[in-house]
Amino acid sequence: MGYALNFNLIWRHFDKLWGGLLLSLELAVISIAIGTVIGLVLAVWYVSAGRIVRTIIAAYVEFIRNVPLILLVYLVFYGLPTVVDIAYSAPTSFVVTLSLYSGAYLVEVFRSGLEAVPRGQLDAGKAIGLTPWQRLLNVRLPTMLRITLPALSNTFISLFKDTSVASVISVPELTYGAQWINFNTFRIVEVYLVVTAMYLVTGYILLFALRLVERRFRAAR
Amino acid sequence: MSTSPKNTPALLDVLDVSKAFGTVQVLRSVSLQVAKGEVVTVIGPSGSGKTTLLRCVNFLESYDSGSIRIDGKEVGFREAGTRQRRSERDLAAMRAETGMVFQSFNLFPHLTAAGNIMLGLTKVRGKSNAEARTIAEHWLGRVGLAHKADSLPAELSGGQQQRVGIARAVAMGPKILLLDEITSALDPELVGEVLEVVRSLAEDGMTMVMVTHEMAFARDASSRIIFMADGGVSAAGPPAEILAADTDNERLRTFLARFRASHF
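These protein sequences, in sequence, are chains S and W. 1 is the number of the first residue of the first sequence in my numbering; add one for each residue after it. 1 is the number of the first residue of the second sequence in my numbering; add one for each residue after it.
This is chain S alone, in the form it adopts within the complex:
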């Protein structure tokens, strides 16, 4: 018998993990909120814009989607301040990165949703005399939201897990907390078992909440 599991040291430092989880959630919520705004604005702009704007938005989306998140995190945290005169903390830098990153994914989600709204509904909106803005707010966006909710849930869960990448620039979120305990106690199996369980439970709770929202809206279809 080689290795005996011993969780005592993990519990002694559990505040690192708990604080880390809260920070992970905070990073995710702020980044997703900003990313949602970016995604919505660019998607609405995209579907009504000409070729030049479309090309620029598509370039942004393709760039982000084809570069690993960890590289983007390094670029924004180490690269950007050497080129331009800005200074920000690691958490802020990560929020900027994850916002841009989630924005790119959400543009795609919202764009395909907007394009999936049946033409007939837009015609009906025109026929009763709604202006383009009114059609967008009262007809197109509500229907788009119902169409995209399942894809949106998946993206949100992914983005929550992506906060673990912040550990590479020493943001003390959950994965970083796990590394700290590992380095200081050498209880690698125990700490990662606990952290895995924490990601899993949190992910399930998020998914459950999002499914509730989905069901509520699906009933209203």
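Simulated from the structure, these hints should not be mistaken for laboratory data. One should not assume that every hint holds.
Distance ranges between label pairs, derived from CB positions [unchecked claim]:
1) 37(S) / 73(W): 40 to 48 angstroms
2) 155(W) / 25(S): 35 to 43 angstroms
3) 118(S) / 22(W): 22 to 30 angstroms
Where a beta carbon is used, it is the ideal one built from N, C-alpha and C, also for glycine.
With chain S held as given, fit chain W onto it using these hints.
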């Protein structure tokens, strides 16, 4: 060929309208006048331009040349013969004056029956929620759906959805109502309830232009029938004249013969 009844000013005046989709000419200098209170039915084989004509009247489609006026006002373009498109705001205001009912109902799926009717009343007509609700309930009553005010479209049958569609259009108080094959997507047993609503609107004096394949209904409910073929008006006149089996118009005769063969 004149399609206007004598001595009545036209509410809808379509003059020489032509339109092409790419290389396909869908409307060939179509002219059509509809007086206030008239019910005009447009018939014709599929692809003859009937639906496109209706969609031009409220400018859901633009057209290449000609003029469409409602109550003397040019619909899609600025006055004085220019081909300058109206602003989106103006277009929206013009469209509020025409009601349209669609083949596929096109109800807003996230809004209840009453909500579908209230949207235009609150956003376009500036009514309060309470006022709009009262109007919506009145029209739902008229189409026999007072008890479905709070149902979502998905909870309604096709016939019920289409009656909400009609209520949504007439509640706006349009000058003219456009009906685009409104029973074509319905199961046969649901057609009657929808046509009954249209008939009662006609009795109230609502001006209507409808595209339909319900020949019996067209004969009973319309003051005139327009027969379109290949994008142009091929024949026009009172129902008895147009639907007569011995018409001189070769294409009309063929259309009616085919129609009878397939529907009886």
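Evaluation of the provided hints:
no. : hint                               : verdict
1   : 37(S) / 73(W): 40 to 48 angstroms  : 41 angstroms, holds
2   : 155(W) / 25(S): 35 to 43 angstroms : 38 angstroms, holds
3   : 118(S) / 22(W): 22 to 30 angstroms : 23 angstroms, holds
Going down the numbered hints, you'll see the structure goes against none, and every one checks out.
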